[in-house]
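Participant: First to last, the protein sequences are chains A and B.
According to our numbering, the first sequence is numbered sequentially starting from 1.
According to our numbering, the second sequence is numbered sequentially starting from 1.
No lab work stands behind these hints: they were computed from the structure.
Treat the hints with caution; some may be incorrect.
Where chain A lies over chain B, by a calculated footprint (3+ residues, C-beta under 8 angstroms) [what the hints assert, rightly or not]:
1. 107-114
2. 129-142
3. 280-287
Glycine residues also receive a C-beta, built at the ideal position from the N, C-alpha and C atoms.
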Amino acid sequence: MKLLNKGERVKNTYVPPKKSFKQKMIDVYHYRWFYLMFFPVFTSLLVFHYFPIYGIKYAFTDYTPFTEPTFVGFANFEYLFSSKRFWQAFRNTIELSFIKLVLGMVFSVGLALLIDEVRSVNFRKLTQTIVYIPHFISWVVVASIFTLFLSPQSGMVNAILTALGHEPIYFLASDSWWRVVFYLLNLWKETGWGTIIYIAALAGVDQEMYEAATIDGAGHLQRVWYISIPAISVTILTVFILNLAKVLNLFDSVFVLQNDSVIKSSDVIGTYVYRLGITSADYGVSTAAGLFKSVISLVLITIANWLSKKIKGEGILG
Amino acid sequence: MRRKVTSKVMAVVCASAMVVSAVGCGAADTTTEVADTKTQETTTQASETVESTVAAESTEEKVVEKPDSITWWTHDGLNEENGAEQWFAEYENLTGIHLDHQFIPNNEYYDKLKLAFASDEVPEVFDLNGANLALYASQGAIRDLTDLLKSSGLYEKVDPSIWDAIAIDGKIYAIPKEIPSAAVTYVRGDWLERLGMDVPTNYDEFLEMIRRFKEEIPECEIGLTAPGVKSEMNLPEFYQGAHYGFAKVNGEWIDGFAQPEMAEAMQRLQDAYKEGLLDMEIITNTTSTCRDAWYEGKVGVFNYWSGKWGGTLQDRLVANNEGAVALAIEPVDEAQYLYATLSGLCISSKVSDEKAEQIFKYFIEYMHDGGEGQVLFQSGVEGVHWEQDGDTVKPLPNLADPSAVTTSVWITPWLAISPLEVTDKKTEVAEAVSKSLAITDATASQVAITPVSTTLNKITSDLELEKADILAKVVMGELTVEEGVAAYAEVADELNVEQVLKELNGK
Numbered sequence: 001m002k003l004l005n006k007g008e009r010v011k012n013t014y015v016p017p018k019k020s021f022k023q024k025m026i027d028v029y030h031y032r033w034f035y036l037m038f039f040p041v042f043t044s045l046l047v048f049h050y051f052p053i054y055g056i057k058y059a060f061t062d063y064t065p066f067t068e069p070t071f072v073g074f075a076n077f078e079y080l081f082s083s084k085r086f087w088q089a090f091r092n093t094i095e096l097s098f099i100k101l102v103l104g105m106v107f108s109v110g111l112a113l114l115i116d117e118v119r120s121v122n123f124r125k126l127t128q129t130i131v132y133i134p135h136f137i138s139w140v141v142v143a144s145i146f147t148l149f150l151s152p153q154s155g156m157v158n159a160i161l162t163a164l165g166h167e168p169i170y171f172l173a174s175d176s177w178w179r180v181v182f183y184l185l186n187l188w189k190e191t192g193w194g195t196i197i198y199i200a201a202l203a204g205v206d207q208e209m210y211e212a213a214t215i216d217g218a219g220h221l222q223r224v225w226y227i228s229i230p231a232i233s234v235t236i237l238t239v240f241i242l243n244l245a246k247v248l249n250l251f252d253s254v255f256v257l258q259n260d261s262v263i264k265s266s267d268v269i270g271t272y273v274y275r276l277g278i279t280s281a282d283y284g285v286s287t288a289a290g291l292f293k294s295v296i297s298l299v300l301i302t303i304a305n306w307l308s309k310k311i312k313g314e315g316i317l318g
Numbered sequence: 001m002r003r004k005v006t007s008k009v010m011a012v013v014c015a016s017a018m019v020v021s022a023v024g025c026g027a028a029d030t031t032t033e034v035a036d037t038k039t040q041e042t043t044t045q046a047s048e049t050v051e052s053t054v055a056a057e058s059t060e061e062k063v064v065e066k067p068d069s070i071t072w073w074t075h076d077g078l079n080e081e082n083g084a085e086q087w088f089a090e091y092e093n094l095t096g097i098h099l100d101h102q103f104i105p106n107n108e109y110y111d112k113l114k115l116a117f118a119s120d121e122v123p124e125v126f127d128l129n130g131a132n133l134a135l136y137a138s139q140g141a142i143r144d145l146t147d148l149l150k151s152s153g154l155y156e157k158v159d160p161s162i163w164d165a166i167a168i169d170g171k172i173y174a175i176p177k178e179i180p181s182a183a184v185t186y187v188r189g190d191w192l193e194r195l196g197m198d199v200p201t202n203y204d205e206f207l208e209m210i211r212r213f214k215e216e217i218p219e220c221e222i223g224l225t226a227p228g229v230k231s232e233m234n235l236p237e238f239y240q241g242a243h244y245g246f247a248k249v250n251g252e253w254i255d256g257f258a259q260p261e262m263a264e265a266m267q268r269l270q271d272a273y274k275e276g277l278l279d280m281e282i283i284t285n286t287t288s289t290c291r292d293a294w295y296e297g298k299v300g301v302f303n304y305w306s307g308k309w310g311g312t313l314q315d316r317l318v319a320n321n322e323g324a325v326a327l328a329i330e331p332v333d334e335a336q337y338l339y340a341t342l343s344g345l346c347i348s349s350k351v352s353d354e355k356a357e358q359i360f361k362y363f364i365e366y367m368h369d370g371g372e373g374q375v376l377f378q379s380g381v382e383g384v385h386w387e388q389d390g391d392t393v394k395p396l397p398n399l400a401d402p403s404a405v406t407t408s409v410w411i412t413p414w415l416a417i418s419p420l421e422v423t424d425k426k427t428e429v430a431e432a433v434s435k436s437l438a439i440t441d442a443t444a445s446q447v448a449i450t451p452v453s454t455t456l457n458k459i460t461s462d463l464e465l466e467k468a469d470i471l472a473k474v475v476m477g478e479l480t481v482e483e484g485v486a487a488y489a490e491v492a493d494e495l496n497v498e499q500v501l502k503e504l505n506g507k
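Construct the complete structure from the given sequences, taking the supplied hints into account.
Facilitator: Here it is, written out as structure tokens:
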């Protein structure tokens, strides 16, 4: 077997030469301005993402803001796992998140493919700008606007329904309609933003493949199906895995749309933890619920990465 | 070379920008500190007025030294745009004490206060409402002020019912800044006149009034509006003395939601909702959407705060609807108007005995002294918030909104827990304010603060979720009252509400 020499490339894999500590320090000095730029980000990561991990110890304590934490072992988890409300919130979180994730991906990819087909540069830019805007509107504002639109008494949507001879629908107070509204609002707000990465991936597809396919007689849909989608499939998978890590982080969008009539069917882990922390000041149980959520997220992302390796031969986590 | 220099400069600029943005959140505090320091410097020649007033009361009284400063958190009252800086300077000028004040937005107040306790950065004085007061007291987070209060002159000056209402197990942990507001039912007086109707005196007449508003007044799109269906205070005609939460009845704590009266209230709400007399969107309403609908002139009945709000509801209504009248009515025979649960100023338990005594004397007692201090806390600074007009205090235009006047700063003059003793600082009260106030003063009841139970604290979150769900579904007709009652019995059993009652009743 041939040994690689320092810096030698084999099958496009670059094996960096080993460097001494002194050489590494010379490199650091050489790139010192990049390190300087990175420093605030690194500090912020440490302070806001890594140091707080220390707080998971409270999941194993009886802790309120007014008393010193006392170690209670797994009592907080026992309490959570025996609570019907917790499992209900967990089920709701999984259902709402996964449906939102899948719908979001399908619509984002679809919209990206449509935008990619637009030939007029100005119209394309205009379309992109318009579909990105909702992402920048806060959930509080979105909820206020759509509560007005969907009002059964004075809302635009019900005015149309009534004009067509239907009874008005109290969308936000109906268990079944609330979920539909939730998914639609998420699509309206985030689909445009989700297209950015797919549009970038589509821009990198070799145009000669489309030309060759056209010569071979491929139609419009066939070119999309056999060229565009396979070309961005790695990107889709990557985005899916990255989004999977955030799948249980539902809070804002649910909290601002919740009301007493749908509170059980819309309660998610985020809102459950918030209620426990705020109304009962039970930081121990809230931290336990938060930790459970993080563990599930870690499991999900590990499974997705393993699947990615099986299907694509490589995972994004290494 | 030039490119290299440019890169270095850019790197430094980018890094600096990120650092500056990261610490940006703290900038406001720094500014406040600078402002505070300035104020402190300019007011070192403090007046001895308070000291002399207090000293004059009794020569035998224990001498309590003045503190240099007091940290105070608020979430309501005077804001920065309306002369808060001048107010704090005046307080320091009169007392020689620097108030280290922080204003917290109302919706973040309790979250931040709990975090302040968790991080050991607690303010010395802060206010707590009824629900939180019991929790903080039970956790030993606030001082028992009973002895300080009883040894001061304040205890005797205030109506004993106020102390009874704010006491927890016979102890006083908070001193109210003012009497809480009560809610009163406002109806469209001009519509009553158009229909030739009298003010309703019982529940049937009340329903008939809403029915006729809906049927015969074209502008009436909503019969009665309210922010949700959980508040017995905002729906007194339907609750008729029933309780949504735990309540003290004949000296015994009961689970209000499990009582037959609550089932009857649910039935009334369900019937009225089905008939279209209640706002169709009552479940998703907020207080602001209710107020807006009232101002637009499309609501017939709305229960809201008496007093200052009586004037606002009338003014804003008539601004959009000429000749409209927001008429505050007496409760119908079956209904009971209620005061909001009392809230009050507390002193952190982390404060030393000596400092607590100082805070009580020079801050809490001072704001209820019947003279200079009370005028300062009620009306603000002379020349900034008010001016002398004969023997009355004439409010000056609001600094932030000159179209309005500043009628109160920290204590609403007509809600003070003890009256002013000085005779030349009277406050004129508008008719719309005094009318609604007179009704609630005569008819409203105080609500006792629910004491803490360990079990209740543990289950509150789940219990509230279940009750809210059951009530909303019953009102909207998705459950019958019987199904609602059965569902709640199951929940109460599962969450061990019986144990809560035992703990509340000290068994």
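Participant: Are there at least three residues in the stretch 129-142 of chain B whose beta carbon sits under 8 angstroms from a beta carbon of chain A?
Facilitator: holds (count 5)
Participant: Confirm or reject the coverage of the stretch 280-287 of chain B by chain A under the rule of 3 or more residues with a beta carbon closer than 8 angstroms to the chain's beta carbons.
Facilitator: holds (count 4)
Participant: State whether the coverage of the stretch 107-114 of chain B by chain A holds or is violated, taking the criterion as 3 or more residues with Cβ-Cβ distances under 8 angstroms.
Facilitator: Coverage by chain A holds for the stretch 107-114 of chain B (3 residues, Cβ < 8 angstroms).
Consistency note: the structure conflicts with none of the earlier hints.
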